[in-house]
Amino acid sequence: MPDTQPASETPTLLAVADLTVSLGHGRRRAQVLRGVDVAVAPGEIVGLIGETGSGKTTIARSILGLTHIDGGSIRLGGTDVATLTGWRLRAFRRAGIAQYVFQDPLRSLDPQLTIADSVAEGLRVRGGLERADVRERVAAALTLVGVSPALATRHPGELSGGQRQRVAIARAMVLEPELLICDEPVSALDAANRIQMLDLIQHLRDARGVGVLFISHDLGSVAGITDRVAVLYRGRIVEQGPTAALLTASQHPYTRLLIGSAPTLTGGAADRTRRTELREQLAAIETG
Amino acid sequence: MFIRAIRTPLGAASVSIIVLIVLVTILGPILAPYDPLAQDANHILSAPSSAHWLGTDNVGRDVLSRLLAGSPLSILSAAEAVAIGFALGVIPGLLSVYLGRVFEWLSLRIVDAFITLPFLVFAIAMTALLGNGLQQAMLAVGILISPGFYRVTRAAALTAASSQYVEAARLVGASPWWVLRTHLWGKVAPAVAVATAGAMGAGLVIVSSLTFLGIGVQPPAPTWGGILADDLGYLFQQPFGPLYPTVLIMLTVGAFNGFADALRDAAGIAGHVRILGRTRRPQDAQTTATPEATHV
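Protein chains in written order, with our numbering: chain A, 184 to 471; chain B, 69 to 364.
Not one of these hints is a red herring.
Taking beta-carbon pairs under 8 angstroms as the criterion, some of the chain B residues facing chain A (in silico):
#: 1; residue: Ser231
#: 2; residue: Tyr233
#: 3; residue: Glu235
#: 4; residue: Ala237
#: 5; residue: Leu239
#: 6; residue: Val240
#: 7; residue: Gly241
#: 8; residue: Ala242
#: 9; residue: Ser243
#: 10; residue: His251
Derived Cβ-Cβ restraints for the label pairs, each shown as a range:
#: 11; chain 1: B; residue 1: Thr184; chain 2: A; residue 2: Leu206; range: 35 to 41 angstroms
#: 12; chain 1: B; residue 1: Ser243; chain 2: A; residue 2: Leu206; range: 25 to 31 angstroms
#: 13; chain 1: A; residue 1: Ser331; chain 2: B; residue 2: Ser243; range: 31 to 37 angstroms
#: 14; chain 1: A; residue 1: Arg314; chain 2: B; residue 2: Tyr166; range: 26 to 32 angstroms
Computed footprint of chain B on chain A, listed as stretches where at least three residues anywhere in the stretch have a Cβ under 8 angstroms from a Cβ of chain B:
#: 15; region: 265–277
#: 16; region: 289–298
#: 17; region: 304–313
Bear in mind the hints are in silico, worked out from the structure with no lab data behind them.
From a predicted model like this one, the values you see are computed outputs, not experimental measurements.
Glycine is no exception: its CB is placed at the ideal position from the N, C-alpha and C atoms.
Assemble the whole structure, with the sequences as input and the hints as a guide.
Structure follows, in structure tokens:
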């Protein structure tokens with residue numbers, strides 16, 4: 184039987200319980216998440232893995248209050264964020280408990296603002312700091328993610344893809360969050376930058392004790408840095424548990440298909456046969 | 069964007085003419101060699117001379133003095149109409165992105181209604197209703213210009229408001245005002261600047277048309293349209309008479325339109341900018357992407 188309960192016994196930083204979300208309007212309205220349970224403890228990296236359209240980003244957006252939810256609860260740092268609206272939601276966001284790292288940093292950084300202005304935005308919105316303090320904290324955040332503060336006066340278009348993603352993480356980290364939600368942060372990067380980015384996320388967890396919800400469709404990235412993994416399939420968490428255990432003894436056919444789909448250098452025809460069998464098993468579960 | 073625009077030949081020429089027209093507007097009444105209302109029975113419809121550089125009109129008034137004295141009324145009236153259109157179009161255009169569906173629906177229906185009204189007829193009706201003054205006519209023109217500003221502003225604001233960097237700002241607790249000031253205005257301003265420059269040219273055409281018809285200004289107060297109307301009656305006696313105000317109007321309108329084109333090219337604004345029912349196309353299809361569109 185798949186383990187659908189949060190495995191962590193430590194106090195949870197994020198606890199999503201029985202989350203149900205529908206998107207669209209009228210006849211096109213469809214339920215995209217059904218009874219999702221996910222938890223992240225402080226200093227824990229939890230992977231959320233699933234195919235495109237399975238609802239990974241919708242979970243992230245729901246946690247951050249960007250998507251209206253039909254039911255369930257989302258407790259973040261002890262606050263039920265699903266009940267917050269208007270100025271209460273803004274005040275909660277200004278506290279900076281949870282920060283989001285978008286998939287494509289080029290789209291998430293304002294092309295007209297300098298790197299310094301983008302990173303400083305959260306601090307300025309929150310207020311209460313002198314200009315010199317803001318500058319100092321921006322430089323510290325850039326240094327933390329491995330970007331030279333000398334680049335602070337540049338615009339996003341003048342940086343490489345890897346540098347931009349680091350800047351996006353710096354923008355999140357400057358508010359000293361307890362939870363970092365990374366939505367496919369490495370999918371737009373080449374192999375070298377991908378490894379550096381994964382190392383950076385692990386470093387942030389180790390150095391700052393930040394909890395991370397790491398969303399990806401790439402099993403290799405998830406396997407590399409997460410403590411636990413939740414597998415999302417068609418809006419449901421079908422299996423979750425410690426990463427090593429789940430990868431070696433997965434119960435659900437979809438998880439096995441995901442693992443089996445990972446390309447190998449020697450697999451060839453054997454891999455294809457195995458994937459076909461898994462797809463047939465999955466289809467049998469869906470129809471039966 | 070402004071600097072890039074004036075570095076182009078079209079932009080430089082347009083701005084030079086606009087600066088000249090603005091100087092004439094400010095200094096025109098001082099520079100006028102004669103009293104623009106003073107009649108001289110000994111110099112009726114006289115040809116250009118050293119005493120009267122552009123000749124005199126049918127009652128012996130110096131044409132140059134009347135054109136110079138008529139500049140403030142013509143240009144400032146157009147500016148007033150554009151300012152009214154700007155205020156009534158840009159602010160609701162921005163708010164329509166933020167104030168929810170009811171305001172959005174209402175504002176769109178009002179704009180649709182305004183677009184159907186013909187300019188001159190509406191302006192004439194307004195002056196008939198509120199009194200024959202340029203202020204009343206300009207209020208009418210301003211109201212009818214506002215849909216152009218509304219649509220341009222709303223289109224630019226909608227694109228920026230749905231971007232991820234605006235979402236990122238909301239995620240750090242930014243208020244709608246902060247988002248507007250920090251992220252939206254920078255994306256909306258180029259489109260609005262182009263619309264403003266274009267609307268100035270179009271506004272001047274309407275002011276000239278109204279004053280040509282004698283609406284909004286009481287004779288003998290000089291305006292470019294009024295001077296043109298007066299001189300047209302004496303076309304055979306003074307063939308060059310109507311040419312001076314016509315050239316002045318065409319030059320000014322052309323300068324504002326040219327500046328609008330230069331601004332639009334410098335900003336790389338996409339597609340068509342619709343102002344007062346006219347559709348303006350970018351000259352270069354390669355420059356059709358908005359600054360944010362290249363990244364979104």
